[in-house]
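**Student:** Now for the letters of each chain:
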Amino acid sequence: MKRVREVMVTGGCLLVALGSVAGCGSSDDDAGGGAQAASQTTKGDAIDNELKPFLAPPKLPEWPALATAPEKALKLAYVGGGSGTAAVTSDALKDAAGALSWKYQRLTVDTSDPGAVDSAMLSAVNAGADVIVNSAGAESVKNALNVATKAKVPVVQLYAPDAGLPGFTASIAATKVSAEAWGKVMGLAVLSDAKRAGKTAHVGLITSSALPNFEPIADAAIATIKRNCAKCTADKIDTPAADLTTGQVGRGVVSFIQRKPQTNYVQFSVGFLSGGVRTALDGAGLKQVKFIGMVPTTAQLKELRDGKDVGWVAYPNQLDAYLAVDAAARALTGGDPKIHNQEVEPVWLLTDKSEYDEKVTPELPVDYRAHFSKLWKVG
Amino acid sequence: MGSQAVWSDVQEPVGTVGRSVARAAFSRRYAGLWVLAAMVAGFGLLDGEVFLTTVTFKTILADQAVTGLLAFAILVPYVAGVFDLSVASVAGFSMVLSSWLCVETSLPVLVIFALVLLASAAFGLLSAVLVTRIQVNSLVASLGINTVALGATQYIAAGNSIAPEFGDAATWLGQGYLFDVLPVPFACVLLLGAFLYYILEHTACGRRLLATGGNETASRLAGISVTRVQAGVLLTASLISGFTGLVLATKIGVATDTTAPGYLFPAFAALLFGATQLKDRPNVWGTIVALLILGTGVKGLQLLGASAWVNDFFAGTVLLIAVSISYGGASHR
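Line order of the protein sequences matches chains U and S.
Heads up, the final residue of the first sequence is numbered 402 in the working numbering, and it's a clean run with no missing numbers.
Heads up, the final residue of the second sequence is numbered 394 in the working numbering, and it's a clean run with no missing numbers.
There could be a bad hint or two in this list.
[As the list claims (entries may be wrong)] With a straight-line Cα cutoff of 20 Å, these simulated EDC-like cross-link-like pairs (lysine to aspartate or glutamate) come out: (1) U:Lys325 - S:Glu165; (2) U:Lys310 - S:Asp229; (3) U:Lys325 - S:Asp229; (4) U:Lys382 - S:Glu226; (5) U:Lys331 - S:Glu226; (6) U:Lys325 - U:Glu378; (7) U:Lys382 - S:Glu165; (8) U:Lys382 - U:Asp329.
In case anyone wonders, no lab produced these hints; they're calculated from the structure.
Computed from a predicted structure; not experimentally measured.
Produce the complete structure using the sequences and hints provided.
**Tutor:** Rendered as structure tokens:
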């Protein structure tokens, strides 16, 4: 009897757990669909017109040139993680530093250890860096910022959640500044694609409470979709952080689509998260789903060419690196280093009709090197 | 009287057998099967239209396959009293190396797979040397190997996502289905499980492993070559890990240095949970039961729209309950 009780207790605990989450189930499924519904509920050509400017490679805005060319032989230190994005940023920073005849040093840190970022920045100051660019996290670097401020070393933060963080000389490509533009473009692209296909868009958007940077992008996309299409639906797919890094995003997406079988689009805030998702969907026989997202990998560029995806927003990593050097150069020549703090990133939505090389992620805007050489009065 | 005696003779054994069967069926060892049945019934009642479908069944198996293979990679050394914490990192190394070789070279896929398995085995060999020759504690040695494998993986990946194209035949290993229902990776779990079950439970080799795990000194005194057993299990674990990496590479289609290490805790959870099922020690079929329970629970919760954190909470809670019951049972014996 004791053993029976053990089994029943275990089963009971699980059933209580099931009961407690049952209330979390969504019941807001919208079974809309069909060409008629689409034409009646979306704003048709207005969406295409709004989307059109983002389908061509963007151009750079006009910025004031520096008062004088920055001093040569200065030392630029870059504190970043070991990701592929950090490697691209590092290469572009080195390139920009070279254009100014500056010396360049990269310090790679474990981004999961905030103490390591502070320590690396302190090391850079102690090693005589004249400029520091950091993309490895801005949360726990107060100590290093104080030391850098005293040593009059400009510190430029890349990819912070928000611009204007205290202590930094400048902030480049803060997520919140551009989130609305990115979300809007992806939302419009989905609506445009749905309109062409004569469908109502039902979108699942990958988010994770562990990565709050995704939230404003998803919120902007949802707002765009709901503003332009009354019958369309857009819901977040809250994904465990562990699934994001282990290629298991697909299992959450499949479950979401099982719950909301009308889903025909899935949005990713970062391209590499879609690894394994297409396979999982195909395995489950859910082949009606198209992807949309940002920061494509070469795998997505190929999928896009094959017509499986709606589009991917190319990410201007190289431009961001040049903007960081530009902000530092302005700080050193008496200009306004915060000139780029509130600038929205240039947006280019790659579609199957765009001209790009599938084997490399595209750089944008194409003429940024020459543009900055002119501003910096070099070359 | 005579007939009464016969009736009595027949009935008593039947009653005893009946009670024995009932006792066995409700014993702690089989609690997992009842829990699994309760979960299926519970989720079915709450949302049967969505939960009780072939898609659910297929995705549970597909999602749990990699965890299952890695759990077996841990199981083999574990039964011989050796810890191997490097299995997930070696799988990650295998995944990234095979993908990199596919993208950067024109080697045939079979050659790539063979090279990668050999490279993975090198980690097992290194572990074996550390544990058996230099007498390093297996926990410490495998932690070191884990870090070395992780570093090698990061060096090859260089922070990038590698997107290999192995071709249809090789991709079938990670993405194929048997009879349109059974994911090939889970079929690999069942095949490997059956093989390991036979070796561990029905061969002299398996008994030597269990004996070494039970009491190393006694085994040595009984004439078992403990060092050979330990080297063998570490080599086997690295080969299973390498194979798991190949399954991952062909399953996901994009290799990164962060993908495989995240499977270590789920694999350990499945193994330890499985150790409370069917037998009172880590075992193959208990591990598979644990995989199904954990997979069904997570899938059911996802289908009910539970928040992301509930999945981790569920897996941890189930493991704690199972292990607590197991220890409770053991303390009463």
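**Student:** Keeping to a limit of 20 Å between CA atoms, is the pair of lysine 310 of chain U and aspartate 229 of chain S held or broken?
**Tutor:** holds (18 Å)
**Student:** Under the criterion that the straight-line Cα-Cα distance not exceed 20 Å, is the pair lysine 382 of chain U, glutamate 165 of chain S satisfied?
**Tutor:** holds (13 Å)
**Student:** Against the 20 Å threshold, does the CA-CA distance of lysine 325 of chain U and glutamate 378 of chain U hold or violate the hint?
**Tutor:** holds (12 Å)
**Student:** Within 20 Å, alpha carbon to alpha carbon, are lysine 382 of chain U and aspartate 329 of chain U?
**Tutor:** Since the Cα atoms of lysine 382 of chain U and aspartate 329 of chain U sit roughly 14 Å apart, the hinted pair holds (cutoff 20 Å).
**Student:** When you check the alpha-carbon spacing of lysine 325 of chain U and aspartate 229 of chain S, does it fall within 20 Å?
**Tutor:** Holds. Lysine 325 of chain U to aspartate 229 of chain S sits at ~17 Å (cutoff 20 Å).
**Student:** Take the C-alpha atoms of lysine 331 of chain U and glutamate 226 of chain S, compute the straight-line distance between them, and say whether it is at most 20 Å.
**Tutor:** Holds, at roughly 17 Å.
**Student:** Compare the distance between the alpha carbons of lysine 325 of chain U and glutamate 165 of chain S with 20 Å, and conclude whether the hinted pair is satisfied.
**Tutor:** Judged against 20 Å, a Cα distance of about 17 Å means the pair holds.
**Student:** Regarding the pair lysine 382 of chain U and glutamate 226 of chain S, is the alpha-carbon distance no greater than 20 Å?
**Tutor:** holds (13 Å)
The structure shown violates none of the earlier numbered hints.
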